[in-house]
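Based on the hints, put chain B in the right spot on chain A.
Chains as they are written, first to last, in the working numbering: chain A, 1 to 742; chain B, 1 to 81.
To be clear, the hints were calculated from the coordinates, so they are not data collected in a lab. Please note that the accuracy of each hint is not assured.
Said to hold, decoys possible - No farther apart than 30 Å at their CA atoms in a straight line, the calculated lysine-lysine pairs in the BS3-like style are these:
no. : chain 1 : residue 1 : chain 2 : residue 2
1   : A       : Lys392    : B       : Lys50
2   : A       : Lys5      : A       : Lys43
3   : A       : Lys494    : A       : Lys231
4   : B       : Lys12     : A       : Lys494
5   : A       : Lys221    : B       : Lys68
6   : A       : Lys201    : A       : Lys254
7   : A       : Lys231    : A       : Lys192
8   : A       : Lys228    : A       : Lys201
9   : A       : Lys221    : A       : Lys192
10  : B       : Lys68     : A       : Lys494
11  : A       : Lys180    : A       : Lys261
12  : A       : Lys512    : A       : Lys132
13  : A       : Lys43     : A       : Lys164
14  : A       : Lys392    : B       : Lys12
15  : A       : Lys261    : B       : Lys50
16  : A       : Lys221    : B       : Lys50
17  : A       : Lys231    : A       : Lys201
18  : B       : Lys50     : A       : Lys512
19  : B       : Lys12     : A       : Lys261
20  : A       : Lys261    : A       : Lys201
21  : B       : Lys50     : B       : Lys12
22  : A       : Lys612    : A       : Lys663
23  : A       : Lys254    : A       : Lys231
24  : A       : Lys201    : A       : Lys180
25  : A       : Lys512    : A       : Lys564
26  : B       : Lys68     : A       : Lys254
27  : B       : Lys12     : A       : Lys512
28  : A       : Lys231    : A       : Lys221
29  : B       : Lys68     : A       : Lys261
30  : A       : Lys392    : B       : Lys68
31  : A       : Lys494    : A       : Lys564
32  : A       : Lys164    : A       : Lys180
33  : A       : Lys221    : A       : Lys201
34  : A       : Lys261    : A       : Lys193
35  : A       : Lys231    : A       : Lys193
36  : A       : Lys254    : A       : Lys180
37  : A       : Lys231    : A       : Lys43
38  : A       : Lys564    : A       : Lys392
39  : A       : Lys221    : A       : Lys392
Computed from a prediction, not measured in an experiment: that's the story for all the values here.
Single-letter residue listing:
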Amino acid sequence: MKPSKKSVALIGNPNTGKSSLFNALCGMSARVGNYPGVTVEQKIGSLLDSPDPIDVIDLPGTYSLAARSADEAVTIDVLCGVQPGVPRPDAVVVIVDATNIERNFYLLSQVLDLSLPTLVVLNMWDRVVEEKHRVDVETLSQRLGVSILCTTASRRDGVIAVRKAIQQLVAPNSTSYAPKHSPREQFPEVFKKESASLRQKLAELQHPVPAVEVDRILIDKDGHFQQKMAKLELPGLLDEIESARERLSTAGCKIPLFETKHRYQWVREQIAGLVDRPPANQSSSSDRIDRWLTHRWVGMAFFIALMFVIFQSITLLAAWPMGQVEELQGWIQGWVEQVVAPGPLRSLLQDGVIAGIGGVLVFLPQIVILFLFIAILEDCGYMSRAAFVVDKLMSAIGLSGRSFLPLMSSFACAVPGIMATRTIDNARDRMVTILIAPLMSCSARLPVYVLMVSAFVPDDRYAGGWLSLQGIVLFLMHCVGALVAIPVAWFLRKFFFPGQASTFLMELHSYKWPSPYVLFQRVWERASAFVTRAGTLIFCTSVLVWAAGYFPGDTAPLTAAQKKIATLQAELDAATAEGSEAVSSQLAQAEEELNLARSALIDASFLGMAGKWIEPVVKPLGWDWKIGVATIASFPAREVIIATLGTIYSLGAEEDEESEGLKAQMKAEKWEDGRPVYSLATALSIMVFFALCAQCSATLLVIRRETNSWRWPIFSFVYMTTLAYLGAYLTYTIASAWGLAA
Amino acid sequence: MSANPVPLEYMKPEDRGVVVDMSGDPCHLKRLQEIGLQVGCNVRMVCPGKPCMICVEGRRLSLRLDEKAEIFVAPDDESQS
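Isolated chain A, as found in the complex:
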């Protein structure tokens, strides 16, 4: 039985304003998830102002239903009703760029073949009016046999009519919207015959398939549906498909090009005399900008300069909000000290929870700023130009500019970056891109860099204070992963995924002002994901690390010392001027005891025991056992290191008025011989390790899901961890030789 809730699918070419229309139709009700089993993003919203609930499914933008990439495969599967977990939509809304009807109708012609109730939305109607196109909407609608509406979704013009039309489209007794004819009727007779006989054969093999899918099996060589058929392992089927194609070819019906020929012919017949537009090939202001931004050298220099400016501004802009968060953290810590009695609970709250999570949340401002910059660049149309500029470089290592966008979004987070590789149609390119994406310096590394840079790189300013050494180092750290990725990609492409160099084809939309709504949505999404992680994964690790650092040692001396300090403090407050001196010296002695008790406790803890064991391994990198332990604890998620360092140092901290904050505690850490643990060389070695290491379980799981095998996440983990160790070792050795270890 069909579920009573109706659904419509929204489909269209990329950059036709599909997302704006979706947002206008559904408001903020969209639920974003994944289609079961694949990482293609599924966006479903409920239609606003509708008495009966109607789901609107936003399908990935595509030029054609001939599926080549993973997201195109989902699009056609949803429309055919074979995508698991998604019932076949009751109707389709095809969104068309009204200024480019001819090309957009190609997809429409494929959709009409599905014989679902269909509504055509001519979007960007404002430009049609502005540029004085002529579109006879009424006659066109009569010819096609479907209803056509005109909208300007970005301004919400005409959206109410679309909502009403959708309700009529899915109404139980509506027939008026079903397409009158199917463009595939115009395919050559010999093709229709072959398609029908293959369909019959499949039915005989107890595998009935709709006619449209059979067409796709025949037309798309090695396409999505052919691969599906291959998985069924029906005897002789693939040979049958191949020989059918040969017969068609000898009969003059060339697979697959006859499809575009016939469909465009159909489109021309439909729009003949109804659509006129002024010649569109005039130079525009976009062209003038493009001439510079996509220039071979100027474009590249601009891209690098832009990235540099972004990382400079992150250091400059985030300083103030970061200080505020730190202050708040110190205030809460002081409050806990007053309210909770000394003992395990206070230690858990203070050293585990606040030092752990607070340490990570301090970096929220930086991450928001980074996401905002990336979102602006994507939305204004610059990113696709940057992809064009780097295509030349990428083609030298066997990849194409297509891989650039997923890699660029990996600078925010590798998980959406790896998911974005689904738009790459070349399978080998896609694999290489997936495997190098985790090397891009994601925002979770940013806190590690910022902590190390702000604590150990001198705050030298140049160019009147606008250029900071810290910003430069931060920028260089972000380059490390990208630079290492170049030989890695070349190696992978050469030895693991050999094959022809891929081609590159991408539409570049005109420059536009970024939409504040889109920017807010993107930044909000990523920032809340970061905070959620701090509240869940990082919270749990912090508590575990705290427990490992607190038990099983004898906590009695610590608690006794804390109690003693509390009573002495009270006495000091109450004491008269002459008595206070004696109490003060007692207090200082008690604080000494407390520090001894703290370091004895952490040395005797599980963490301390593990640390002693790990120290020989990390010593060549210039690390002590505490850094080693914190690094190991941060393998599930790299930003955990901030939390674990916070917890470890808070547990073993020297109680000192000035050592508030993790940075000061790190600077105060000493080796047994009294040398400070942290030097610039140590900080650099830690940063390089984190730049290259695969410390992110979410990324590894996504790689597993995308490649459908455990082999590749294990491969990524091993190669990245090895690179990280070697990189950190080299960095420490070279930096020490330069005298930076002092």
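Only chain B this time, still in chain A's reference frame:
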């Protein structure tokens, strides 16, 4: 009179023309046609090279063709002058 067709990669910035022939791997060509680059459409070269940027019926496309693919364009008379 329209001049002889030239391969796409010979076009200079601001050269205009009409696509008269496309050849190469059928699957590759089909992709080009689906995105709107087909015989009969107007093109203008924006940024030549590999990859190049062209303007097809007002849409900007960036493309790097595979080695076997050839696209021939009949230049417009006005862009010759």
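Exercise. Holds or violated: A/Lys201 with A/Lys254, Cα cutoff 30 Å?
Worked result: holds (22 Å)
Exercise. Is it true that the CA of A/Lys392 sits at most 30 Å from the CA of B/Lys50?
Worked result: The hint holds at about 7 Å.
For this session: Decide if the proposed pair is consistent with the structure: A/Lys43 and A/Lys164, CA atoms, cutoff 30 Å inclusive.
Result: This hinted pair holds, its Cα atoms lying about 21 Å apart.
Exercise. CA of A/Lys231 to CA of A/Lys192, is that 30 Å or under?
Worked result: Answer holds: A/Lys231 to A/Lys192 is near 25 Å, not above 30 Å.
Problem set entry | Pair hint outcome, A/Lys228 versus A/Lys201 [Cα-Cα no greater than 30 Å] | holds (16 Å)
For this session: For the pair supplied as a hint, A/Lys494 and A/Lys564, confirm whether the alpha-carbon distance does not exceed 30 Å.
Result: Violated, because 68 Å separates the two Cα atoms, which is more than 30 Å.
For this session: With a cut-off of 30 Å on the C-alpha distance, tell me whether A/Lys221 and B/Lys68 pass.
Result: Status holds; Cα separation ~18 Å.
Exercise. For the pair supplied as a hint, B/Lys50 and B/Lys12, is the alpha-carbon distance within the 30 Å limit?
Worked result: holds (13 Å)
For this session: Would you check the hint for A/Lys512 and A/Lys564, treating anything up to 30 Å between C-alpha atoms as holding?
Result: violated (66 Å)
Exercise. Would the pair A/Lys231 and A/Lys201 pass a check requiring their Cα atoms to be no farther apart than 30 Å?
Worked result: holds (17 Å)
Problem set entry | Restraint check for A/Lys231 with A/Lys43, where alpha carbons must lie at most 30 Å apart | Holds, at roughly 28 Å.
Problem set entry | Agreement of A/Lys392 and B/Lys68 with the hint, judged by alpha carbon distance not exceeding 30 Å | holds (18 Å)
The structure fails to meet hints 4, 25, 31 and 38 from the earlier list, while all remaining hints are met.
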